[in-house]
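Visitor: Chains as they are written, first to last, in UniProt numbering: chain S, 1 to 135; chain P, 1 to 711.
Check before you lean on any hint, since a few could be wrong.
If we take Cβ atoms under 10 Å as the criterion, some of the chain S residues that face chain P in the derived model are [unchecked claim]:
id	residue
1	Gly21
2	Pro120
3	Leu128
Treat the hints as calculated values from the structure; they're not laboratory data.
Ideal Cβ placement from N, Cα and C applies to all residues, glycine included.
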Amino acid sequence: MAQNTPEATLSQFTRLSQKPGVQSTLIISRDTGAIVRTSGLISSSASANPNSTLPASLETTGENYSNGRKESSMHSAEDVASMVWSFMSAAGKFVEGFDKEDEVKLLRLRMKKNELVIMPDPKFFMVLIHDTPPA
Amino acid sequence: MQQRRDEILAKKAKLAELKRQRELRREASATRSSLGGASPDPLIAPTPDRAGQKRDIEAIIQGIIGDSRPGSTAPGSPAQRADRPTSVISAGQLSSDNEGPAISSFHPMVDSSMQTLSIAPLSTVYEFDAAPPKEKEVITYSKGVQTSTDWSPPKSRGVGVGDSGSERDESPTRSPRASKRLSRRQKERDEEIRANLRKEIEEELKTAQHAGPENGTGPAGSKENFPFKTLTNEELTAVESSEDFVGFIERSTKVLERALDQQLEYDILADYALGGAAVDEEDEGYGSSGGKKGRRIKEIAQFWDERWSKKRMISDLGFSTKFPELVLASYTKNPSAPHDPDGLIQVWNLHMHDRPEYIFHAQSDILTAKFSPFHPNLIIGGAYSGQVLLWDTRAKSAPVQKTPLTGSGHTHPVYSIDIVGTQNANNIISASTDGVVCGWTVDMLSQPQEFLELSSPPPAKTDDMAVTCIAFPQSDPTYFLAGTEEGSIYPCHRYDRAGAKAGVDGRVKYAGHAAPVMSLDFHPARGQIDLGDLVLSSSVDWSVKLWKVRPPAATGPSATTTSSTAQTVTPILDIAREDLVYDARWSPTKPSVFALVDGAGSLEIWDLNLDVEVPIQKVTPSENKRGGLGLGGGAMKGLGYMNRSLNKVAWETNEGRRVAVGGMDGVVSVFEVGGELGGAETRGEEWSGVKRLVGRLEGVGEAAAAAAAAK
Numbered sequence: 001m002a003q004n005t006p007e008a009t010l011s012q013f014t015r016l017s018q019k020p021g022v023q024s025t026l027i028i029s030r031d032t033g034a035i036v037r038t039s040g041l042i043s044s045s046a047s048a049n050p051n052s053t054l055p056a057s058l059e060t061t062g063e064n065y066s067n068g069r070k071e072s073s074m075h076s077a078e079d080v081a082s083m084v085w086s087f088m089s090a091a092g093k094f095v096e097g098f099d100k101e102d103e104v105k106l107l108r109l110r111m112k113k114n115e116l117v118i119m120p121d122p123k124f125f126m127v128l129i130h131d132t133p134p135a
Numbered sequence: 001m002q003q004r005r006d007e008i009l010a011k012k013a014k015l016a017e018l019k020r021q022r023e024l025r026r027e028a029s030a031t032r033s034s035l036g037g038a039s040p041d042p043l044i045a046p047t048p049d050r051a052g053q054k055r056d057i058e059a060i061i062q063g064i065i066g067d068s069r070p071g072s073t074a075p076g077s078p079a080q081r082a083d084r085p086t087s088v089i090s091a092g093q094l095s096s097d098n099e100g101p102a103i104s105s106f107h108p109m110v111d112s113s114m115q116t117l118s119i120a121p122l123s124t125v126y127e128f129d130a131a132p133p134k135e136k137e138v139i140t141y142s143k144g145v146q147t148s149t150d151w152s153p154p155k156s157r158g159v160g161v162g163d164s165g166s167e168r169d170e171s172p173t174r175s176p177r178a179s180k181r182l183s184r185r186q187k188e189r190d191e192e193i194r195a196n197l198r199k200e201i202e203e204e205l206k207t208a209q210h211a212g213p214e215n216g217t218g219p220a221g222s223k224e225n226f227p228f229k230t231l232t233n234e235e236l237t238a239v240e241s242s243e244d245f246v247g248f249i250e251r252s253t254k255v256l257e258r259a260l261d262q263q264l265e266y267d268i269l270a271d272y273a274l275g276g277a278a279v280d281e282e283d284e285g286y287g288s289s290g291g292k293k294g295r296r297i298k299e300i301a302q303f304w305d306e307r308w309s310k311k312r313m314i315s316d317l318g319f320s321t322k323f324p325e326l327v328l329a330s331y332t333k334n335p336s337a338p339h340d341p342d343g344l345i346q347v348w349n350l351h352m353h354d355r356p357e358y359i360f361h362a363q364s365d366i367l368t369a370k371f372s373p374f375h376p377n378l379i380i381g382g383a384y385s386g387q388v389l390l391w392d393t394r395a396k397s398a399p400v401q402k403t404p405l406t407g408s409g410h411t412h413p414v415y416s417i418d419i420v421g422t423q424n425a426n427n428i429i430s431a432s433t434d435g436v437v438c439g440w441t442v443d444m445l446s447q448p449q450e451f452l453e454l455s456s457p458p459p460a461k462t463d464d465m466a467v468t469c470i471a472f473p474q475s476d477p478t479y480f481l482a483g484t485e486e487g488s489i490y491p492c493h494r495y496d497r498a499g500a501k502a503g504v505d506g507r508v509k510y511a512g513h514a515a516p517v518m519s520l521d522f523h524p525a526r527g528q529i530d531l532g533d534l535v536l537s538s539s540v541d542w543s544v545k546l547w548k549v550r551p552p553a554a555t556g557p558s559a560t561t562t563s564s565t566a567q568t569v570t571p572i573l574d575i576a577r578e579d580l581v582y583d584a585r586w587s588p589t590k591p592s593v594f595a596l597v598d599g600a601g602s603l604e605i606w607d608l609n610l611d612v613e614v615p616i617q618k619v620t621p622s623e624n625k626r627g628g629l630g631l632g633g634g635a636m637k638g639l640g641y642m643n644r645s646l647n648k649v650a651w652e653t654n655e656g657r658r659v660a661v662g663g664m665d666g667v668v669s670v671f672e673v674g675g676e677l678g679g680a681e682t683r684g685e686e687w688s689g690v691k692r693l694v695g696r697l698e699g700v701g702e703a704a705a706a707a708a709a710a711k
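Excised from the complex, chain S in its bound form:
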């Protein structure tokens, strides 16, 4: 598997995002905060990316910002990304306070309607939002 081309590997991500119950996925670069990949979220340039696994911002870089804020009905990728970002930094702070040697390995946030699974990595975050199973 490890030998596979990036495309093959990415197809795993695509497949994951298409599993039943999965609402949206998001990969955020940790260095820059850039959104590398999303699915199931209106990114600011949603219209430009019907594929939805494409990054939010291929062409319409400039407009993204202004547009993104307006779509409040659904989460925009940027909003989610920034929420995740701050959530993760809070979690990071918490862990640091808890045990300096430790680090965050996985975050599962169970809500009434959704569950958020965040997998941090030295360079990226992967975020997955899915339905909670009917209780």
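Following the hints, complete the assembly by docking chain P onto the known chain S.
Guide: Then chain P, alone, in the frame of chain S:
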């Protein structure tokens, strides 16, 4: 008294004045934009109150902003300390809270008269809070100022407000009692003032909060810093093709996948008080003799991958000994995908249903593969090309080692492979269909360490021996059984030993099968009674046979009466089945239990102690959970019945609870058996039961043989 009253009045006036000033300032603030304009005011003003006010404001703002500012807190009076929380929660509440601590803290510090005085200033402190919210920027600037000038006097002790200071000077002259009374009155008044102040503070807080998000870069810092950097196409491809990224995707998707699957299995937030979750009583549904819970069998997982499993047959299965949730499956080639590697191994995880944990490749069909029992990361396999391959789960999908395609090793398909020995000294033993058996060290596959060519013993018409499978007993790595295409099973020695040369031991022949032997399995003998000499063989002659093998020592010179003709041993139990039997394996834990799979696609679980003629359980992997649909419409469909055929069965070795089966359709199905058919703990009578059964069967066999001889 009078004096005191006057003072109070004066103070009130001052308060009023201050309020007015604040109002003015508020109005002014709109116009006043620069810090410089704002800050000098309070500094210059003779009343230090302003400093206090400013400090409080700051505290509030700080609290709102959420930044810790040790500098301002440390010197602060108790009142101020209390202020910070105030600002965080609600100003009104907190300010009332403040009173308590403020008063109490002063009591011990100063004489009683001073206490009262100190209260008053506190209230004034609050009053001043009103002004500041406007100037956010003042914060940093005034901080410096405070510490250098204004702050130094107050530092002595919290009261640091000018008003109180002046009063304090006079206070010693007054009697404590008077001051107390005064203080009561004053308190009441103060209450009123405070109530007003609270309102004001709350308002201010509100405004401050509004202001906070806007210009308060401090608190929102992380968010603001969060760069919504958008990547260009080039950057994106760079990121996506970076090794880091690929590795990350690899890891994280697996984790997320497991997370999702785990949730499907069990919801940890399940509330059993809510609604009746269906209690599954479908035990009856399984198998023919269903019913009893301990003997049930249940399908727990099926593994199939659209991309890789398609049109491949499963050639071998095995559980990891170290990680019992991992199931290895080797596959033959996909004839319709010439560009994919022919050989494939997928390692499935019982906790991840939709994709394999690992995928390994080879250039030729892999016919057999297993986890090394001595090293959890290593997987060995035999290929159609005759190669022996070694993969490492820490490495990439290509084999880390493989034998060369030269004459020194196998030149025919390797259908059987095993690792024998101990943790520190073990060998890979491989057997190919031309009768060549090779021994390899795990470290060096370039050349076989041992090379043994098996040939049929004398009575046979040809020397060639087509080995289909080999099996080593638990106790002796130098001796093994080899099943052949012709149906006989021969004992073989790896080395020369007394009375027997390396190779096939021609003196004994286990004859019984009329068709190629598909599997051989020594009893895993882990119990009180050694049953290690029991061997199970399966064959495409529609039968499974149970053998009691002669210990190699007994086949020594003394045992052989006539060395010219081979001694023929017959099975002690012959179980006829309704179809080709492709594989039969002992349960690793239960002495009397074994599993077999047949060409009709059934998995059968047998318990010799209970019944030697009918399986305890017979199940077929559920159709179309995944695999069926993969084949749906495919060329295999024409085979109909054929594609259900099961080739291999494997037990999970540690607990003996799980059985994996796989076959033509490339689907791996994992079943879990009930407590009577699996599980680590066994009862003594199970072992002795098997022993007795074997004894009985042997007796019958001998009697029959004797009867046959008599005729």
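Visitor: Less than 10 Å between beta-carbons is the criterion; does Gly21 of chain S satisfy it with respect to chain P?
Guide: Interface hint status for Gly21 of chain S: holds (7 Å vs cutoff 10 Å).
Visitor: Should the hint that Leu128 of chain S touches chain P count as held when the rule is a Cβ pair under 10 Å?
Guide: Constraint on Leu128 of chain S satisfied, holds at 5 Å.
Visitor: Using the nearest Cβ pair, does Pro120 of chain S come within less than 10 Å of chain P?
Guide: 9 Å, holds
Of the numbered hints given earlier, the model fails none.
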